Amino acid sequence: MTIAREADPVAAEAELRNSGLDREDLLTVYRNMLLTRGIEERGHILYKQGKIPGSFYTGRGNEGAAVGIATAMGPDDVGAPLHRDMGVHITRGVEPWRIIANYMGKEDGPARGKDGNVHMADARLGLIAMVSHLPAMLPVAVGAALAFRIREESRVAIGWFGEGSAARGDAHEAMNLAGVRRLPMVFVCDNNQWAYSTPTHLGFATPNIADRARSYGFEGVVVDGTDVLAVYREAKRAIEKARSGGGPTLIECMTLRMEGHAVHDDAFYVPKDMFEEWAKHDPIERFRTWLKDYADLREQEEEEIAADLKKLLNEAIRRAEESPLPDPATVTEGVYAAPEDLDTPHHK
Amino acid sequence: MAERTYLQAISDGLRQEMRRDKRVFVIGEDVGVYGGAFKVTLGFQEEFGAWRVIDAPLSETAIVGGCTGAALMGMRPVAEMQFADFVSCAWDHLVTVAAKQFYRAGTPVPMVVRLPSGGGFSGGPFHSQNPESSFAHIPGLKCVCPATPEDAKGLLATAIEDPNPVLYFEHKHLYRRLKAEVPEERYTIPFGEARTHRVGEDISVITWGAMVHTADEAAEELAKEDVSVEVVDLRTVMPWDRKAVLASVEKTSKVLVLHEDTRTGGFGAEIAATIAEEAFESLDAPVKRIAAPDSPVPFSPPLEKAFIPQVETVASGLRELAAY
Amino acid sequence: MATGTIIDVVMPQMGVSVSEGTIVKWLKSEGETIEADEALLEISTDKVDTEVPSPGTGVVAKILVHEGETVDVGTKLAEIAPEGAGPAVAEPEPAVEPEPAAEPEPAVEPELAPEPATAAAAAEADAPSSAESPGPAAPAAPAVPAETPAPAAAGDSSENGKSFVSPVVARIAAEHGVDVGTIQGTGQGGRVTKKDILAFIESGPAPAPAAPPEAAPTEAEPVAPAAPTEPSAQPTAPPVIANAQPQAAGTGETLEPMNAMRRGIAEHMRRSLDTAAHVTSAIEVDMSKVVAIREKLKASYQKDYGVNPTYLAFVGRAAVDTLHDYPWINGELRDDQIVTRNYVNLGIAVELADGKGLIVPVIKNAEGLNLLGLARSITDIAARARDKKLLPDDVQGGTFTITNPGGYGTFHGTPVISQPQAGILGTYALVKRPWVVQDALGNDVLAIRPIMNITLTYDHRLVDGALAGRFLHDVREKLQSWGEDRY
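Residue numbers (the working numbering), protein chains in the order written: chain P, 1 to 348; chain R, 1 to 324; chain Z, 1 to 487.
Among these hints, one or two may not hold up.
To be verified - Straight-line Cα separation of at most 30 Å, DSSO-like style, residue types lysine-lysine; simulated pairs:
hint	chain 1	residue 1	chain 2	residue 2
1	P	K310	Z	K195
2	R	K288	Z	K195
3	R	K243	Z	K298
4	Z	K289	Z	K432
5	Z	K47	P	K280
6	P	K51	Z	K303
7	Z	K195	R	K224
8	P	K51	Z	K62
9	Z	K195	Z	K388
10	Z	K195	P	K51
11	Z	K76	P	K51
12	P	K310	Z	K76
13	R	K251	Z	K389
14	Z	K389	Z	K298
15	Z	K432	Z	K388
16	P	K51	Z	K25
17	R	K22	P	K241
18	R	K251	Z	K388
19	R	K22	R	K224
20	P	K272	Z	K47
21	Z	K28	Z	K76
22	Z	K388	Z	K298
23	Z	K298	Z	K478
24	R	K243	Z	K478
25	Z	K47	P	K311
26	Z	K195	R	K243
27	Z	K303	Z	K364
28	R	K251	Z	K195
29	Z	K389	Z	K195
30	R	K224	R	K288
Derived from the structure by calculation, the hints contain no laboratory data.
Remember, it's a predicted structure, so these values are computed and weren't measured experimentally.
Okay, chain P solo, but in the shape it has when bound (with noise of 0.2 Å):
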């Protein structure tokens, strides 16, 4: 039995328009959530015909989390999401092109080349560039929140981790010395019930990794990662919470991992019924049902968005095609930096 408080789905409209969503917000999470799976269906596609070198991940039913999470941030919060939240990217508003340009290895890449996959963030938008070694990003961001505190802003931060790399010290470090200085910090755990080809029974031993937000001082709750208002929701109060002194929050998002680990992995471990029945979950799918029934969804509408983002992401790829490849002679520019590269935007 779960010690973590589980959320409630979410009901009616109504309920949302006291969390400031509007009919216009609310095709804008709809909208991002399609264009974080077109980018990403897209990018499967260019990496198959060998376009994109490396590996590729996708968060194929996770967009709903990411996107959840990523609109409850305010305009200075900050953020380190990770390899199946593309959707916060796309929310915080990073251009699709740069970001099949990083894929793609190229100079306008947010890492210009130097990292690939989804290891690049955009700090004007408030996010930090994620490592391999998960969940590395959980001390930085705790860090940030440190920043904030010594500085009396009214701003958060929000750190990234899997279910799978919640084993590793790395998290227990992070969670308790937030937990242990009341920081202003929200922990979301993407539980996808996978770490490649670990089930979460050979992860960890109690029903949910929530659970452990107690015994570093805070609230953990569990809340159904395929409903993206309902993360929104929980992502909103926690927000509001840590910016208002009330320290962190540990959401865990319920989802399952759709895809492989990457697109080389075809998860034959993931027994096949698990994917039918999280499929009927399909966040996408709910939430235009949920837009239908409670926000007139037209099928005009629909149809219009769905050609837009085609070309956005059509103009998308061919733009970062056009992006050049990094001149090698850079190999070794950017190992250390000069005093002034010392503007990055948070730096006040």
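Based on the hints, put chains R and Z in the right spot on chain P.
For chains R and Z alone, coordinates are given in the frame of chain P:
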């Protein structure tokens, strides 16, 4: 000018920076109420408050990783590892995130990690190491090893100003044993600039940290035997002053590379290789290295004495070079 | 990636460690149409089996890899012809030619030669040694085995316990033309230390520093005392006698060791005279025409080209031209065969400052140079010799040499041939002499003419007197009839 110990110089420098720049804060274990295990931050929390002198839990990763996050947000954090040896707990973070963040994401990480390092007092394997070489090897990190009170203060100011992650190795055996005149005003000393600790003609000793003084004592002995030994204090190991080293080698043609860290893969190997590669035609003898043997730092005094390069060992090595 | 209008389908990399894939099934055949992103084939890799979507819309023009085949990641699997595109000719990938490994420069051995003797020799900027003429010519440069590195590193100084010469000692020795073998060593095993050699140089007996040679041709007057030179491929270690215990000086005597340069010269002079049958013929040349033309050209050459047209350039030009008709004089006796060439590599002897010795840099392919070109080459080579910037290549490969001992006023000489050449031309002082000429009516009258004696010293094994005489005659003819419009 005032006479200060090596430790006092560091403390003075840190305090000066904290007064000067609100973004500077200290975080570490026992740094606040206790004033730091070695009392470097004694009185700091009283002056700057609990949110600028932060007592952290026993969490090197959270401390160092937290510094990265805070630095990304515009702070100038100075972490204290209680002993340099404990930085291994945060090695992952330093190497994985801190060192590579600017290269990958264009966002500088202006942070300092202070590391009380070195042995000589029966500290044993986990309180005596000199881990500079493993970090010097990682592109993106800087490594600073002051040997004198004056250098300690100036180099700390530079470290805090530097937009990169800087590992500052303060040799704890020098903390209270060294006293010198230190300017009271703020000053910086550039990285990558060595200092000739002692001028000589016949042999060059390239070294840093506590070994600078060991080399100096050995040079005194050799001077009585009419051998003039030059001691070059690198002051910073990454970046290191290649030019100064090569110039000294060109002058004397005999060189001893000396460090307290273990021999194999110690940073002296990099220096020796560079000398062989770039100053071959200046050499009148093979490049010699003296360092600790390849073992953990032993605890018992006779063992530790056999481990840490002693004045006699260095003098003997110098005599060999002189006679070659 | 498209070649022309063709779209290529490649084997994708399904995962970081995957390096190859196998075609399981083609879902379209050649000639069938396909849409972009539509599944085109199925592949199997170590990690996963998957479909590959088409990169473009069109017709499957060519299938290059078939079902069941395994290929590396990146291999072209098929070609798609977009609608409306003609069958394009796929350009083959330009083969990447590996750069032929650059010929390594013949090592400038002297700088690094640990071998004491050659180290000193090296000091002369890689100058081959020259045999000295018994005349007043300046001392010659020692032989430098520019090609053969001195494996003689081991050789030397058997008297000293340790023959090892450290890099810095070798360098200092080279820079100062000092023979390490002559220095007492205080290092381990008696090796010479840096201190030892520096002390030796400061206080030592007449060290022969490699002074920059005086550039012969920079003067108007024929200067540059010359001596024949050893072009290249010279013997290895010069005689290593000098290392014997030095004998005490008698009353009134001073002793100094021979440096490597001196020893090299001595060795070569002896050897050249022992090898070739030296004979010298001489001819006097009326240089009036040359003098006149030179006067005319001097100003414009200097202004337009920064070059001084010396007499040496004129003589050199005439000689090179004449050699074309006398291949044996430009030739060589090699074992039992006579070697002749279709080129002239002209060595010009250049004196080093303070009479320290001689260098004979070589102007390659002098037959292709006109007067201006030759004047320029002489200026350049002399400058480089002076600045010690000659490369080993500059002092090798000579086929004929000109030496000019006349700078001090001598009117005749008998230079020593530079082995393995067959001849050496000597030029002497240009002197105004009373001369019998014909007046307009064909009567003998006295005139004052600038006369230069030139000699050809030749190897009589190959070149007979008559041939030599005819050669000199032709050279004289060219000089005496020099027309402004020529060269």
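These are the hints, each one checked on the structure:
The straight-line distance between the Cα atoms of K310/P and K195/Z is roughly 80 Å, outside the 30 Å bound, and the hint therefore fails. Restraint check: the Cα-Cα separation between K288/R and K195/Z comes to about 19 Å, which is no more than 30 Å; the hinted pair holds. Taking the CA atoms of K243/R and K298/Z, the gap is near 50 Å; set against the 30 Å cutoff, the hint is violated. Straight-line distance between C-alpha atoms of K289/Z and K432/Z comes to about 14 Å, which keeps the hinted pair within the 30 Å bound.
Between the alpha carbons of K47/Z and K280/P the distance comes to roughly 28 Å, so the proposed pair stays at or under 30 Å and holds. A hinted pair counts as satisfied when its Cα atoms are at most 30 Å apart, and K51/P with K303/Z does not qualify at roughly 63 Å. Between K195/Z and K224/R the alpha-carbon distance is near 19 Å, which keeps this suggested pair within the 30 Å criterion. Taking the CA atoms of K51/P and K62/Z, the gap is near 20 Å; set against the 30 Å cutoff, the hint holds.
Annotation: proposed proximity of K195/Z to K388/Z holds, straight-line Cα distance about 26 Å (limit 30 Å). Note on K195/Z and K51/P: the hinted pairing is violated, with a Cα-Cα distance of about 65 Å set against a maximum of 30 Å. A threshold of 30 Å between alpha carbons decides the hint, and for K76/Z with K51/P the separation of about 13 Å falls inside it, so the pair holds. Taking the CA atoms of K310/P and K76/Z, the gap is near 29 Å; set against the 30 Å cutoff, the hint holds.
Straight-line distance between C-alpha atoms of K251/R and K389/Z comes to about 25 Å, which keeps the hinted pair within the 30 Å bound. Under the criterion of a C-alpha separation no larger than 30 Å, the hint pairing K389/Z with K298/Z is consistent with the structure, at around 27 Å. For a cut-off of 30 Å, the pair hint linking K432/Z to K388/Z is broken: about 36 Å separates their Cα positions. Taking the CA atoms of K51/P and K25/Z, the gap is near 21 Å; set against the 30 Å cutoff, the hint holds.
A distance of roughly 27 Å separates the Cα atoms of K22/R and K241/P; the hinted pair therefore holds under the 30 Å criterion. For the proposed pair K251/R and K388/Z, the alpha carbon gap of about 24 Å is at most 30 Å, so the pair holds. Restraint check: the Cα-Cα separation between K22/R and K224/R comes to about 52 Å, which exceeds 30 Å; the hinted pair is violated. Between the alpha carbons of K272/P and K47/Z the distance comes to roughly 19 Å, so the proposed pair stays at or under 30 Å and holds.
Taking the CA atoms of K28/Z and K76/Z, the gap is near 16 Å; set against the 30 Å cutoff, the hint holds. Restraint check: the Cα-Cα separation between K388/Z and K298/Z comes to about 27 Å, which is no more than 30 Å; the hinted pair holds. The straight-line distance between the Cα atoms of K298/Z and K478/Z is roughly 20 Å, inside the 30 Å bound, and the hint therefore holds. Only pairs whose Cα atoms come within 30 Å are accepted, and K243/R paired with K478/Z is rejected, the gap being roughly 60 Å.
The straight-line distance between the Cα atoms of K47/Z and K311/P is roughly 33 Å, outside the 30 Å bound, and the hint therefore fails. For a cut-off of 30 Å, the pair hint linking K195/Z to K243/R stands: about 23 Å separates their Cα positions. Proximity of K303/Z to K364/Z is assessed by CA-CA distance (about 26 Å); at most 30 Å being required, the pair is judged to hold. With a CA separation close to 11 Å, the supplied pair K251/R and K195/Z stays within the 30 Å bound.
About 28 Å separates the Cα atoms of K389/Z and K195/Z, which keeps this hinted pair within 30 Å; it holds. Distance hint between K224/R and K288/R is fulfilled; the C-alpha atoms sit about 22 Å from each other, no more than 30 Å.
Consistency with the previously given hints fails for numbers 1, 3, 6, 10, 15, 19, 24 and 25, ordered from lowest to highest.
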